[in-house]
Amino acid sequence: MPGASYNYISREDFCERIAAGEFLEYAEVFGNFYGTHQSVLDQARAEGLDLILDIDVQGARQLKERIPDAVSVFILAPSRDILEQRLRARSEDSEEVIQRRLNEAAEEIRNHDQYDYILVNHQVEESVGTLAAIIRAERVRRIRMEDKIRPILESFENRRSKF
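Using the working numbering, the first residue of the sequence shown is number 965, and each one after it goes up by one.
Think of the hints as simulated: they come from the structure by calculation, not from any bench.
Cβ atoms here follow ideal geometry from the backbone N, Cα and C, with glycine treated the same way.
Zero decoy hints are in this set.
Ranges between beta-carbon positions, derived for each pair: (1) Arg-1050 to Glu-1121: 50 to 60 Å; (2) Asp-1057 to Ala-1008: 21 to 31 Å; (3) Arg-1100 to Leu-1066: 29 to 39 Å; (4) Glu-980 to Ala-1101: 36 to 46 Å; (5) Glu-1118 to Ser-1091: 39 to 49 Å.
Whenever a hint applies, use it, and build me the whole structure from the sequences.
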């Protein structure tokens, strides 16, 4: 996947890192651990980049607990049938995994109210545009602009008219 990198470590090492609080979020899914290390966010911040994570409901919940102002977007297929078609078209999963994913999808959708935005993925191009619009809007939210607003306001206060 472009832009994605995976570091494979032992289960024991992963558990040690969980105990040390090194992950922004993590989950055990289908018997495997997945997680996002804190260093990924640190690097994105250092480079002035937005960080977009593709994580499940439990990971999103952990991330919101750890970083309350993180923006969450729930992306879902328009229907169960379309989700099943997409999973099968990927040709990556066994029948057992596909069925498990479909069964768990309903439970995940029930948690939609925990997200800041909901994006129904009808067409990829349209969904990419919607996601980009969410990112642009979030960049200019007042709470994210305080550092930029303060010097502008000070420039007015320093040159107040005496009329």
